[in-house]
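Q: Whenever a hint applies, use it, and build me the whole structure from the sequences.
Residues 4 to 366 in the working numbering are what the sequence shown lists, from first letter to last.
Hints may be right or wrong, so weigh each one.
[As the list claims (entries may be wrong)] Here are the simulated lysine-lysine pairs, BS3-like style, with alpha carbons at most 25 Å apart:
{"#": "1", "residue 1": "Lys-37", "residue 2": "Lys-353"}
{"#": "2", "residue 1": "Lys-37", "residue 2": "Lys-136"}
{"#": "3", "residue 1": "Lys-139", "residue 2": "Lys-82"}
{"#": "4", "residue 1": "Lys-37", "residue 2": "Lys-354"}
{"#": "5", "residue 1": "Lys-139", "residue 2": "Lys-126"}
{"#": "6", "residue 1": "Lys-136", "residue 2": "Lys-126"}
{"#": "7", "residue 1": "Lys-37", "residue 2": "Lys-365"}
{"#": "8", "residue 1": "Lys-82", "residue 2": "Lys-37"}
{"#": "9", "residue 1": "Lys-37", "residue 2": "Lys-139"}
{"#": "10", "residue 1": "Lys-353", "residue 2": "Lys-139"}
{"#": "11", "residue 1": "Lys-136", "residue 2": "Lys-365"}
{"#": "12", "residue 1": "Lys-353", "residue 2": "Lys-365"}
{"#": "13", "residue 1": "Lys-365", "residue 2": "Lys-126"}
{"#": "14", "residue 1": "Lys-365", "residue 2": "Lys-354"}
{"#": "15", "residue 1": "Lys-136", "residue 2": "Lys-82"}
{"#": "16", "residue 1": "Lys-354", "residue 2": "Lys-136"}
{"#": "17", "residue 1": "Lys-139", "residue 2": "Lys-354"}
[Said to hold, decoys possible] Derived Cβ-Cβ restraints for the label pairs, each shown as a range:
{"#": "18", "residue 1": "Val-87", "residue 2": "Gln-170", "range": "34 to 40 Å"}
{"#": "19", "residue 1": "Asp-124", "residue 2": "Pro-79", "range": "25 to 31 Å"}
{"#": "20", "residue 1": "Tyr-249", "residue 2": "Trp-65", "range": "32 to 38 Å"}
{"#": "21", "residue 1": "Ala-330", "residue 2": "Ile-363", "range": "43 to 49 Å"}
{"#": "22", "residue 1": "Leu-78", "residue 2": "Thr-172", "range": "45 to 51 Å"}
{"#": "23", "residue 1": "Glu-63", "residue 2": "Thr-257", "range": "27 to 33 Å"}
{"#": "24", "residue 1": "Leu-78", "residue 2": "Val-46", "range": "16 to 22 Å"}
{"#": "25", "residue 1": "Gln-223", "residue 2": "Gly-77", "range": "27 to 33 Å"}
{"#": "26", "residue 1": "Lys-365", "residue 2": "Ala-330", "range": "44 to 50 Å"}
{"#": "27", "residue 1": "Met-49", "residue 2": "Asn-195", "range": "44 to 50 Å"}
{"#": "28", "residue 1": "Trp-65", "residue 2": "Glu-240", "range": "43 to 49 Å"}
Bear in mind the hints are in silico, worked out from the structure with no lab data behind them.
Nothing here was measured: the structure is a model prediction, and the numbers come from that model.
Glycine included, every Cβ here is placed at the ideal spot set by N, Cα and C.
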Amino acid sequence: MPVETLKNLLRPMAHLIREFGVYSKLVRKPGRRKTVVMFPSDVRQMSAMLRGYNMADFLEQWGWRVAVVPMQLGLPARKRILRVFGPDLIYFQSSRHILNDPAHYPDQNLVYDIDDADFFDDKLTARIAQTCKIAKGVTAGSRFVAEWCGQHNDDVTIIWTGTPPSQMTRPPHGDRAPIITWAQSHPSGYPNEFRFVCGLMKDLRQRTDKPFSLRLYGWQDGDDMAPIEDLRAAGIEVELLPFMTYDAFIPSLTDAAIGLCPLDTESEFSNGKSFGKILGYLDAKVPVIASDMADHSLFFTDDFGVISDDRDLWLETILHLLNDPEARQRMADQAYAEFSAQLTDQAAAKKLDACFNRLIAKG
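A: Now the structure itself:
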């Protein structure tokens, strides 16, 4: 039997297994409790993991009955799940899944979660606006996203995306190599930021004769090597790493000295960014230098981060930190303490729990 034919025969069975996996919640945790059915827009990765699956795990610990609907399930299965669970709330984790559309779920109390400026995507703008209008409440990943959603809903809660702190060894900065990293998922896909980083590194090379290297993540076969060859010709060592799973990405940062997060000030989407890869820097105790956009300035202070659009300040700070591992350590330690208090998945889940309880009480 051809492989494709076998896959087609097994696919409905796989969907049934996923659906019955959701129903098993009723068997394991029966009884009347507050119930929410979550519709993540992806498998258990990236924002679907951090703002969907991880939230469900904490809510269950705190007394909720939570059903997380796998993104592969179609509309009939989703409606069957809603009939069985009869939830107090349903939760859309973004509109990137075609079935995360309130038109399919009339008479449900909807909470809508959005952590990126997806409303600038012409294919999604109208549906996102309508979802905000219908929703009982909206949870937004940043103040910029919250302000846009606030045009369509007067109950918007900002919940920063959090991540679970990794159980790993974080080497002291005195033992770390002079590695500067820009942990973007695909550098070539962000040409303005890429040019900025390359130019910054070449200027840095002119300012110091001490060794340093630039590490880039998400490099793909077929990406233009000319900028990399230009950096190497300038005497800068460049390390190119492929895209990694989150579990592999975080430990890979623990030997880095400085983490960069430039954002294009002219890009609409950049305004709506959440903390993204900065979470990885914080978790791995990598000092952060970031653009003054998104909610960076609401979290960082001068004691444990550099948030600025001043290119000269970036350059001076990099030079200072490369030469002073003790300053890097102090900066990274305090940033990690604030991360542990404000930017873990548990911190985000506490805010979501409070939001859900308030919306249910509101009636």
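Q: A separate judgement is required for each hint: does it hold in the structure or not?
A: Results for each hint:
no., hint, in the structure
1, Lys-37 / Lys-353, "15 Å, holds"
2, Lys-37 / Lys-136, "24 Å, holds"
3, Lys-139 / Lys-82, "19 Å, holds"
4, Lys-37 / Lys-354, "16 Å, holds"
5, Lys-139 / Lys-126, "23 Å, holds"
6, Lys-136 / Lys-126, "18 Å, holds"
7, Lys-37 / Lys-365, "14 Å, holds"
8, Lys-82 / Lys-37, "19 Å, holds"
9, Lys-37 / Lys-139, "16 Å, holds"
10, Lys-353 / Lys-139, "19 Å, holds"
11, Lys-136 / Lys-365, "17 Å, holds"
12, Lys-353 / Lys-365, "18 Å, holds"
13, Lys-365 / Lys-126, "33 Å, violated"
14, Lys-365 / Lys-354, "16 Å, holds"
15, Lys-136 / Lys-82, "22 Å, holds"
16, Lys-354 / Lys-136, "22 Å, holds"
17, Lys-139 / Lys-354, "16 Å, holds"
18, Val-87 / Gln-170: 34 to 40 Å, "36 Å, holds"
19, Asp-124 / Pro-79: 25 to 31 Å, "27 Å, holds"
20, Tyr-249 / Trp-65: 32 to 38 Å, "24 Å, violated"
21, Ala-330 / Ile-363: 43 to 49 Å, "48 Å, holds"
22, Leu-78 / Thr-172: 45 to 51 Å, "46 Å, holds"
23, Glu-63 / Thr-257: 27 to 33 Å, "31 Å, holds"
24, Leu-78 / Val-46: 16 to 22 Å, "18 Å, holds"
25, Gln-223 / Gly-77: 27 to 33 Å, "32 Å, holds"
26, Lys-365 / Ala-330: 44 to 50 Å, "48 Å, holds"
27, Met-49 / Asn-195: 44 to 50 Å, "23 Å, violated"
28, Trp-65 / Glu-240: 43 to 49 Å, "48 Å, holds"
The structure does not agree with the numbered hints 13, 20 and 27 stated previously, though it agrees with the rest.
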